[in-house]
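J.: Model the placement of chains U, C and H on the given structure of chain L, informed by the hints.
As given, the protein sequences belong to chains L, U, C and H, one line each in that order.
All residue numbers for the first sequence refer to the UniProt record's numbering, where the first residue is 1 and numbers rise by one.
All residue numbers for the second sequence refer to the UniProt record's numbering, where the first residue is 1 and numbers rise by one.
All residue numbers for the third sequence refer to the UniProt record's numbering, where the first residue is 1 and numbers rise by one.
All residue numbers for the fourth sequence refer to the UniProt record's numbering, where the first residue is 1 and numbers rise by one.
Which copy is meant is left open, because identical chains are indistinguishable; a pair holds if it fits in one copy or across any two.
Below, computed lysine to aspartate or glutamate pairings styled on EDC-like, alpha-carbon distance capped at 16 Å:
id : residue 1 : residue 2
1  : K376      : E12
2  : K376      : E6
3  : K340      : E115
4  : K372      : D37
Hints were generated in silico from the structure; no laboratory data involved.
Since the model is a prediction, treat every value here as computed from it, not as a measurement.
Here is what each chain is made of, one letter per residue.
There are 4 protein chains.
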Amino acid sequence: MRDYVEIGVGREARRTYHLEDIAIVPSRRTRSSQDVDTTWHIDAYTFDIPVMSHPTDALASPEFVIEMGQRGGLGVINAEGLWGRQQDLDAAIARVVDTVNADELLDFSGTKAIELLQELHSAPVDHDLLAERIGQVRDSGATVAVRVSPQRAREFAPKMIKAGAELLIIQGTMISAEHVATGGEPLNLKEFIGSLEVPVIAGGVTDYVTALHLMRTGAAGVIVGGGTNTNEFALGIEVPMATAIADVAAARREYLDETGGRYVHIIADGELETSGDVAKAIACGADAVMLGTPLAPAAEAAAGGAYWPAVAAHPRFPRGLVEAAPFGQNQSEQAPSLEKILQGPSTEPFGNQNIVGGLRRAMAKCGYTDLKAFQKVGLSVNR
Amino acid sequence: MRDYVEIGVGREARRTYHLEDIAIVPSRRTRSSQDVDTTWHIDAYTFDIPVMSHPTDALASPEFVIEMGQRGGLGVINAEGLWGRQQDLDAAIARVVDTVNADELLDFSGTKAIELLQELHSAPVDHDLLAERIGQVRDSGATVAVRVSPQRAREFAPKMIKAGAELLIIQGTMISAEHVATGGEPLNLKEFIGSLEVPVIAGGVTDYVTALHLMRTGAAGVIVGGGTNTNEFALGIEVPMATAIADVAAARREYLDETGGRYVHIIADGELETSGDVAKAIACGADAVMLGTPLAPAAEAAAGGAYWPAVAAHPRFPRGLVEAAPFGQNQSEQAPSLEKILQGPSTEPFGNQNIVGGLRRAMAKCGYTDLKAFQKVGLSVNR
Amino acid sequence: MRDYVEIGVGREARRTYHLEDIAIVPSRRTRSSQDVDTTWHIDAYTFDIPVMSHPTDALASPEFVIEMGQRGGLGVINAEGLWGRQQDLDAAIARVVDTVNADELLDFSGTKAIELLQELHSAPVDHDLLAERIGQVRDSGATVAVRVSPQRAREFAPKMIKAGAELLIIQGTMISAEHVATGGEPLNLKEFIGSLEVPVIAGGVTDYVTALHLMRTGAAGVIVGGGTNTNEFALGIEVPMATAIADVAAARREYLDETGGRYVHIIADGELETSGDVAKAIACGADAVMLGTPLAPAAEAAAGGAYWPAVAAHPRFPRGLVEAAPFGQNQSEQAPSLEKILQGPSTEPFGNQNIVGGLRRAMAKCGYTDLKAFQKVGLSVNR
Amino acid sequence: MRDYVEIGVGREARRTYHLEDIAIVPSRRTRSSQDVDTTWHIDAYTFDIPVMSHPTDALASPEFVIEMGQRGGLGVINAEGLWGRQQDLDAAIARVVDTVNADELLDFSGTKAIELLQELHSAPVDHDLLAERIGQVRDSGATVAVRVSPQRAREFAPKMIKAGAELLIIQGTMISAEHVATGGEPLNLKEFIGSLEVPVIAGGVTDYVTALHLMRTGAAGVIVGGGTNTNEFALGIEVPMATAIADVAAARREYLDETGGRYVHIIADGELETSGDVAKAIACGADAVMLGTPLAPAAEAAAGGAYWPAVAAHPRFPRGLVEAAPFGQNQSEQAPSLEKILQGPSTEPFGNQNIVGGLRRAMAKCGYTDLKAFQKVGLSVNR
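Next comes chain L alone, as it looks inside the complex:
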């Protein structure tokens, strides 16, 4: 039975949990972290580490995406971001970074940077330019993953596949298997995904029912999370990730039973700041994680430590903070490499570096050697 409380006479609400509310509980023989296997298989693809990058231009320069592949993960390109809209991509990113770094001193929500992002995104997409940049990644040998929005999926997807996309990420802040709009044609994801030649990862979803419907569309993976941490303020909609991941994992079990064995992968995208958060997300049932801010400090990241999620550029209702680079970065401090952030060795104690090493150690301390089994580790709630 779910845990419901009555918030007022006759009105119930379900009790939910954030990743920060829970912890992993070791209770078996410890193992060596060197015996831990973090391989992630999805469709025909195999990754050494269960890590995708959030599809934001703050991370994804071609160099960053290629390096993600080199490190065993999967960098994601945002088809509707600046790659196809700005001839001089570096200069455009630099303007955003300069604005937010300056702006932050006066105004922590970075509205000037949001205005600039809105302006830069109002430029039309040059599909040749976009294809050229995607081609640069494809030519490196890295797996090419491209994100499109549900709204523009029909328009963009074929072009992206032609340009080399091997995995299509259909991602909005919140999507459903069928989106209804008066006077327009709804996107029926089942039909659409059925028509594509590449595997699709779709999301974000936040609940059991929506996730189950999305699994039935034929998606290879489902993203759990809202893509930003300001929806709580802007929409009143929160995604307590521990509950959301566990709910979607239950939908996965249901769908597995329903189909007699089709396994849909769960990718967590939210509340992930440290290696401990990554371990918790897997422990709740995720197969992989989509990281944003934790990767931002990487020397290879496009925005040199600054960060914004894709939805921060929304023309009428932006969400997601545009964050300046941490104090010191680009100045006295040398930015850590993506390798250091993902695989160490670390020189800081809070799980911001050697993220995969942290995951390995968490699994090893609990006596697990593969990701799937670790989804059953004991949990505690500390509130």
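T.: Only chains U, C and H this time, still in chain L's reference frame:
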């Protein structure tokens, strides 16, 4: 059954919830936010957006009230504020603003500004002056809503109606259907409201019983909330808005049944800072919201970003912070228009702009297209 | 049934509540605050307001104690403080104040001020000097209340009564009806109190059992609370005041039944910062409150805004912060009078001034006119 | 029954508690703190106070360890720290201290200090040097306790015992009775401990099952806790100490029953900042505590107020903050002696000094005179 805990031997307390404790849970097909209808009908009046302004002189200049009407909402005039007490209203407001802006550097509770408000409110009301200013709003074609206190309702109400008030707001921090005072005549709201020719919205109330009694007075609407956020410190009385709105919504159902169909509107006034809060208030059962601080940054607001609730001017026991304008406003930053705050486009991520757009999107993400239906959306509790 | 949780295998703990966890819930007809009666009768004494001052030299100069009486409350003198130890009391207090005001810039726990307090308290008590100062209060006509520690009660009490004490306060951070010490004679409070000619108020206690035992000693009143807010850190002992007051009120009912009608008063001493806290303490079952920090800003207070509880001067294990005067006091700001703090009019919104006015309004909003009835007002829990 | 919640569909988590969530509840006759006995007997050793020091070079200079013994406690030497790696130990520590003190201004996680610790620890262990320093402690007459890691226990333990270790502490952040590693020989603690001539204290453990297994290895004591407070961020593993201690105490009861009387001591290592925390740990079931940061300010501590746990020097995945000395120490303030910190007299109110005096008073206020009985004192939960 309510959720009670025993706080000490033989002493129980009911568990209650703030808006910040809850969140909206999407679990249906998503819809287009353009298909959402936010129309609010109360008595013979129809508003495009379910938004009233809090009756404070910090917001309500004649220009502000007129613009509220232009934007589809309802600006509320405080009959017992400075409109009728200060010939040079702009100068009086400017003195308060200057005082709080200066004072804030030393003393965050703004006692000097409170002293000035007390002084300015000790001037007698010039009813001709007040009527003239109300007339200015009436002449614009905007719906005229005027707030009077329960204590002075008998004295002020007829004059306000004569001056053009189309909706009367009888509002104190906490009111009941019958106020008892030794040696004076209690205000029997049922008789009083029955004697008036205009619809009445009355409040604030905080619980099921008081709300039900207030509904029985014949009020068209009931305000839920305490009108200030310092009652908690000053009186030990808190109004956890999620619980309060849901309780009053239950009283509405009871009264609807009792009367065979009279629907009393619920207006939430408290804990409303962002578009997400507005969405949560509707989700808990409110029909409309009364906004204070979220509207203060508007270029049209009387106090240029500074804010105080009406009760901050109380002669012996003021409550409610007098808040300075946010740093930067009136200086380097250009104040956003009321239109931008209400209807966008927004350039910030926390739901402080495009408030109605945020409400629309929250409803659309959850698959609802009208306010009444959205009162049944799923909720979660995150504590 | 109490509400117990299992914190670990086989180990239970009771769930308890602080005043800040609860709130008062209005649900009856509102009344006029002018109809509220705050009279407090204990033994043969009647006070207009249910307010004692905490027995600390930071508050109690002779002038302060006299003014407390003038304002209808009860000022308490600490017999073991500096009144009998320092010929030049004003100079001694001034040294402490100067030290903490200077020290605070470097070290928020004010250790230098504690060292000075320890030094000043190491001087022997000159009983003639102490009697002379007590006589000054007695001569003013104010009720004379003197605090002694349980450890030195036998030695001090007779002298204090001779000097004019009309109420004896036997107060330690935590006391019991019988204190056991190897090799010394325990203080049997029942015998001791029986031997005195004046009524005794004793405490602090924190639980039902200890309170019941203390009531059986013949005390006229029982103090609930630990006398300082650092016991939590220093001893691991917390006194969640909502639970503690309610528990002791249950002991009062038990003792009332047991004795067929002897009513022991409950005085709350802890977590009281604002008028709202005072209202909550009464609502939980207290008959009166003992205020410390809220009275410190008064112009009549000995330490001009600085504050420390009596136990801050403990020679080996001091507890309780020595707090500097709020920024601005003694400088640009004029200190408010004790009258303003207790009875207003207030010029600030958080219930730090007009404390009794706040209590009156809380009672009136909830429809109560006397303190005893208000002990049954509805409560909510907001965590 | 344990208290479980469902965090998502079909996924449960156990509710757990930190020391800060609980408090001690006095409910018996108070006693004199002078009648309290804090003696701790483990194996053939007796200590006046139940206090060990955390095995970090930030505390343990030879002088510090000797002084711990003089004060009745047990100082612990880290065999794998800098004692055997750095000829000039004082200079090495001084470099770390200078780095963290300088670094802290820019970067609160002290990464530069961590890098330096990693570098200093990469030097090989000179066993002669280490033995010489251990000999210095042994010659003082203090009990010699040396910590080794589980990974290197086989290599180090015999040498340490030869050098004079009377108690062996086998301590990693989290250990189990049998550690499994592919291709290496697992450390079977039962066999290993059986082969040693000195009593062993092993840990840390965090749960009932692992603790029970560890007790069965023949360890004289078990350490509860993770050895650092950043595992939460780095591994997602938290050790809520109230729950962990109570669980391990339950394992102790089980093992006592199983063996017909073998009593394994529980040493708490985590969440211990003040005397109140120490009292709470004992109240939850601990027999003794292992203190880190509370001892750091001592004049005798190696790093002059700076602090880091042993695991902060981990070569690839450091955990634990390197903390600078509190502002003022080594400057205007004189550092308190270890005696003052442990046994007072104190001149501060938060239980940072006279830690054992605080424990004594907590026990006395609750009416207990020995540590074992105090493990049954009443507890409350305040969240």
